[in-house]
Every structure is written in C-alpha cells, then in structure tokens.
Amino acid sequence: MVAATKDLLRLATVGSVDDGKSTLIGRLLVDTRQLFDDQYDAVIAASERRGVGDLDLSFVTDGLRAEREQGITIDVAYRYASTPTRKFIIADCPGHVQYTRNMATGASTADLALVVVDVASGLKEQTRRHLCIAALLGVRNIVVAVNKMDTVAWSAVAFERVVDQVDAASRELGFVSRVSVPVSALLGDNVVERSSHTDWYDGPTVLGALETSEALTWESAPGARLPVQWVLRQPGGGRSYAGMVSGEALHVGDRVTVLPANVETTIRAIHFGGRECESASVGLAADVLLADETDVGRGDMIAAAPLPRVTREFEATICWFGEQPLRVGGQRLRLKHTTKSTAARVTAITGLIDIETLTVAAGDALTTNDIGLATVSTADALVVDDYREDRVTGSFVLVDEVTNATVAAGMLGHATFL
Amino acid sequence: MTTTLPSSRATDHLDVLESHAIFILREVVAECERPVLLFSGGKDSALLLHLAAKAFAPQRIPFPVLHVDTGHNFPEVLEFRDRAVTAAAARLLVASVQGSIDQGRVADPGPNGSRNRLQSVTLLDALTEHGFDAAFGGARRDEDKARAKERILSFRDGFGQWDPRRQRPELWQLYQGRVNPGEHLRAFPLSDWTELDVWQYIEREAMDLPSIYFAHRRDVVLRDGMWLAVGDFVTPLEHEVVERHSVRFRTVGDANCTGAVLSHADTFAAIVEEVAVAHVSERGATRADDRFSETAMEDRKREGYF
Chain Z
1 MVAATKDLLR LATVGSVDDG KSTLIGRLLV DTRQLFDDQY DAVIAASERR GVGDLDLSFV
61 TDGLRAEREQ GITIDVAYRY ASTPTRKFII ADCPGHVQYT RNMATGASTA DLALVVVDVA
121 SGLKEQTRRH LCIAALLGVR NIVVAVNKMD TVAWSAVAFE RVVDQVDAAS RELGFVSRVS
181 VPVSALLGDN VVERSSHTDW YDGPTVLGAL ETSEALTWES APGARLPVQW VLRQPGGGRS
241 YAGMVSGEAL HVGDRVTVLP ANVETTIRAI HFGGRECESA SVGLAADVLL ADETDVGRGD
301 MIAAAPLPRV TREFEATICW FGEQPLRVGG QRLRLKHTTK STAARVTAIT GLIDIETLTV
361 AAGDALTTND IGLATVSTAD ALVVDDYRED RVTGSFVLVD EVTNATVAAG MLGHATFL
Chain A
419 MTTTLPSSRA TDHLDVLESH AIFILREVVA ECERPVLLFS GGKDSALLLH LAAKAFAPQR
479 IPFPVLHVDT GHNFPEVLEF RDRAVTAAAA RLLVASVQGS IDQGRVADPG PNGSRNRLQS
539 VTLLDALTEH GFDAAFGGAR RDEDKARAKE RILSFRDGFG QWDPRRQRPE LWQLYQGRVN
599 PGEHLRAFPL SDWTELDVWQ YIEREAMDLP SIYFAHRRDV VLRDGMWLAV GDFVTPLEHE
659 VVERHSVRFR TVGDANCTGA VLSHADTFAA IVEEVAVAHV SERGATRADD RFSETAMEDR
719 KREGYF
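If you read the sequences in order, they're chains Z and A. All the letters of the first sequence, read from the start, carry residue numbers 1 to 418 under the working numbering. All the letters of the second sequence, read from the start, carry residue numbers 419 to 724 under the working numbering.
To be clear, the hints were calculated from the coordinates, so they are not data collected in a lab. Cβ coordinates follow ideal geometry from the N, Cα and C atoms, glycine included. Careful, some of the hints might be misleading.
Claimed, not checked - Simulated restraints, written as ranges between beta carbons of each label pair:
(1) Z/328 - A/451: 26 to 36 Å
(2) Z/176 - A/599: 42 to 52 Å
(3) A/658 - Z/278: 57 to 67 Å
Extracted from the complex, chain Z is given alone in its bound form (with noise of 0.2 Å):
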C-alpha cells in the first residue's frame, strides 16, 4: 500500500559555489531511487556530451542550458523525494552571490538548511551569508554536509576543523539543531549510505538526519490571525471572508477582532471548499462568516488575542536586490504585507550588518545583496507581528513602482543575533 498520510519538510540547499550542493541534492535523489529511469539516462547522456564524465550528478537539478554550459547554478530548482512518512520539497539553491536572491527565494520558505561546505577550502564568505540570511529567514534547524571528504583523505582532524569554523559562524544565529556529516556527494558516502572510510563518525547520513529533522518549525504567533484574500458572496445574502489561517487555529465561537477597523465581533461558521466545519487548523485556506455585520475587504485581518498591533511606520530587517542602491528618497517603492499592498518609503536606513562579525555598522544605502535595518512607512495602515513571533503576518516584499521588479524581502523587527 502507499501511505496516503505523510508530513512535509521543505529544506533548502545554501553554501557557496562550487561546494557541491547540486551534486549532493543529485546523490540524495539518485541513491533514494526518486529518480526515473529517463531521466537518469537523460543525466548521463547529457554528462557524455559535454564531457564531464560518465555521470555529473549535479545535471540532475542544473537543467537550464546556461547552468550547464557554466556549470553553475542559476536558479533554485525544486526536486521532490518521499520515504514512507514524509514528502520534502527540496529546493536547490545557487551558491553565487549575484544569485543570492534566488537562495532568498528558495530558503523563505523552508523548514531546515542543507548547508554544504568543502572539505578542503573550507567556510567561504558566502556560506556566511547564506547561513545569516537563513537565520534571518528564521530556519531553525540545518544539516551541515561537509563535502569532498575523499579530497582529504577522509581525514577527521580536517572535518572537524570545518565544524569548527561552523560552529564560529552560527554560534550566534539562534540554530535551534545542527547535526555535521562528513560526505563525499560525488562517491555516496554517508549521503544515503553509510561510508566505510568514515569509522570515527557515528551520527546519522544526510538522509537519515533529514528523516529525523522536526517538520513545520515556522515561528506562529499566538494567537489565530486570518489575512483576508476574497470575498465570497453567501447564497441568501451574507458574506464570507476567505484566506489562509496562520497564528493558531479558528474555531466556531471564538472571539476575534477586525483589523485595522478594530471591531469585535464572533466566528459564526466556517467553511473549506464550500463545506461547512468547526475549526480551521493553520495553513488551511478557509472562508469564515462574522455574527456581525462589519466592513470587511482584501487586505483586512480577522484576529484573535493576542491580538497584533496596527502601524504605518516600523522597523525592519531589509535584504535587498535591487540593481540600484536604496537610498532614503530614493526608488518610489510600492509594499505587499499578506493580502495588503500599499505604497512604502523607507525613512530612513539604520544600520548595515556586516556579515562578518554580525555586528551593525553605519552606512547610509543597501547596494545589491546587502542586508541592513531600515525604518520603513506605508501609506496605508499594516496589520503586523514581529517576524520573529510570526513568519506570515511579519514579512514583506518591496516592488519598483516602475519596474514592477521585486527588489527586497523584509522582516519586521530585528534578529535576537543583531
């Protein structure tokens, strides 16, 4: 029988180019069977033609023409594996910094890091990054894979030397869990299979520590909110108020206040798909009516206590992307927060974090890449919670009015690390 009930884990791949993350993401896939026979030979075939030996793993996720001509990672690219209780949505991200808006895009929305260092050269600049970014981005958990083991001969001095330099970097990002693995991506070792080179090591293969890893870690406030998307028209008259829930779980009865409107009122029903039901667990896209007759629209949120505060000017946490430096006065900027979008302008920039030190330096504008404070403002009122208290009701983007680009991710408040 095939399990219809698993959970889901979402990880994402971050270390700097070159690393091997694509070649460990193509063994991971290779060694657990998720690969079809077709596409398997696709790799190969690929592999002969541009003379890159008999398999290049990291064809596996590198399918765009200009990665493989480069042998690089431009992209994400999301694989998908399943073991008898558990689907992982795995994003493979680039390790170049003119790409780290790619790894931003893929590690927003993951549960754990699969962060992978080479053995050899060690930790990069860029894996600091993406290790600070991920920490920014609230993943809690990371798998360390410490590549190229048969590069070094398998040596345990060299790979806790690397465990070392990790531990330096991350000691103060707040990783809840980090489990190391010595692996060589390109042989097998310890990726699936545990290696035979490697007696001095005792913890799990990178498979085995994904299957343990906790699932769903998202910081939730906690208290129930509901951005509202849509409204839907009720046969006979009333109206109810659709979006995904996020905090805590709606039930029926609860009390629960419209925001930024601020007015009490009751969850009457709810209902999913157009069936009615008691509660709404988190994550479900759900419709709900109100006992009171009350304004509601796109863009409003229905919440229950503790409640979340109404603002139209904070401090936020910006990575930004755009070609152009941001400058106070500068890019007309417009804000999507949930379901709300509205025009924004950032007051003022407070401080540059230096990747390095993880300390907060002066500076004045954000050039491509860097991360840094800012005191933002919107034109309308925002329904918000600190990121760290809440991934979905903390977070927001900024687009060029102009471009429509996107060209930042931003986090209300600070990181406990900064």
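Position chain A against the provided structure of chain Z, taking the given hints into account.
Chain A alone, transformed into the frame defined by chain Z:
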C-alpha cells in the same frame, strides 16, 4: 454540523498542497484584472478546475476556462472537457490551432506532424485577443527540469517570453502579480505536486476524469518505442502491426504523439499503486515531442509555451 477537519495544524501533505493551491488561485484573482484557466482536459487541469471550484465556493469560478485546441484530440477528452466545464458552471473559450494555421500565423506541420509547439502562438494570440493578464496552468515542477526552475507566478514579457535568468524573487507566500499592459503572468498552483500526489488526491476526492486514464483494451501500434492508439489521427504504417492491449494514458496530449502505457490499472487505487512504482517519468513514457533535445521544454517555454 460536520467536523471534516482536525483542529490542529494541517500536517498531511495533501492538505498542505491543497490549501496552498487554493491560496494561489485566490491571490491571482485578487491581484490580476483578467485571469483565465488553461484547460487541456488532462488530469492536472482537471485538478486545477476542481481546486478553483473549492477556492471560490459557493460562488462560481470567477474566470473563464480556455482550451487551446490542437484539433488532434482524443474524443474521450473532449467529452470530459464539456462535462467538467458544465459541472463547474464555467465559461469555456476555445482557441484553435487549426485557426492559427488557416490564418497563416503558423505553418501546417502536416497530418502526422506535432502541433504541440504551435500551441504557443495560438495561446499567446488568445491571451492578447481577450486581454488576459494571468493564465493558470496545471504544470508541475516534477514534470521537467526547466519547469523545476520556474516560479509559481511566472512573468511573461510583451512577446510572451519566459526569461529563466531574470525571474522575480518569490519569497514566502507573497505572490507579486504586477504587470504592465501587454505583459502577463503564468500561475502554477500545482507547482509542488508530484504525479503521485495528484493521483492520491484524485482518489481521495473521487474526481471525474477522462476515461482514457483508466485501463481499457484498444488497438495500438508500436512507433518510436511508444504505443499509439489507432484512430482518426494515427493510421498504421505499412510495416506496423496493430495489436490489441490493455492500456491507459498517463498524460493527455495530442492523439498522434501521446503514447499509452500497458496497464491493467482500472481504478484510482490501482493507478496510485502503479504510479508509486513507475520507473519511467510520465513525459518520458508518453511524449514523443520532448525527446528531440536536452532542453526541449526550456526552448518551448521561452517562446511562450504552457
């Protein structure tokens, strides 16, 4: 009152995928002026239509359904198309590849040629004609290595082109759908579903599908390593032997280039079991047109394909 859902977190993978897809459908409808749902009559677009009905119940689906008709359809699929659209009380638009050929917009590949690639022109013309600024598609990232790279909301320029090197960052579930006139979005709510997820969900919901997805006996010929159904669009060549086998289709494309697989799976449960142990990918098993080059899908997508 019925309790159909647990009060804790939705941890089952199908529940998570379902709610995520519904969320995307609603976001695009809210952010875009004129969305449309691309509907081939295959299982993925059937699933998309099913989820759209859920997303907007008890109201009708607030966008029309567009079938890009190559003229090379399995009759069972056309029957299903009309049945499904009627059941959903949706409005059906048909854009015809034959029309594009007749107008000289594309060259006629001949009776045995593939019309797959031509669909891009018909599709883009239809989007322009109706002023659609967003098109939902049932594409999944597990189908192909180029699709594995694509955003859930994927930007298309004024020529309908996808530029894989300049995709918009897509963080969290903050889907950003702003486009200028003439540009549009493709939206893929099923991005994170695998073929197995789709079938497990179809089984759970007992969805209606075209009959050719279930094993049945029919006349087939073996051509280029694929079993093609003998019919209006496939005439056996001189050296080909017509055989009768129990087959089913894993994908639905043009009748002249979509292969059947030998199968006895005639129930949802049997298909789930079969898909779970399959050794060949669904496109590899059934699509002649993806075999031409290493980056066939990327090349078609750049031109505006689904």
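CB-CB spacing for residue 451 of chain A and residue 328 of chain Z relative to the 26 to 36 Å hint:
33 Å, holds
The hint says 42 to 52 Å between residue 176 of chain Z and residue 599 of chain A; measuring C-beta to C-beta, is that right?
For residue 599 of chain A against residue 176 of chain Z, whose Cβ atoms are near 48 Å apart, the range 42 to 52 Å holds.
Note whether the CB distance of residue 658 of chain A and residue 278 of chain Z lies within 57 to 67 Å or breaks it.
At roughly 60 Å between Cβ atoms, residue 278 of chain Z and residue 658 of chain A fall inside 57 to 67 Å, so the hint holds.
Of the numbered hints listed earlier, not one is contradicted by the structure.
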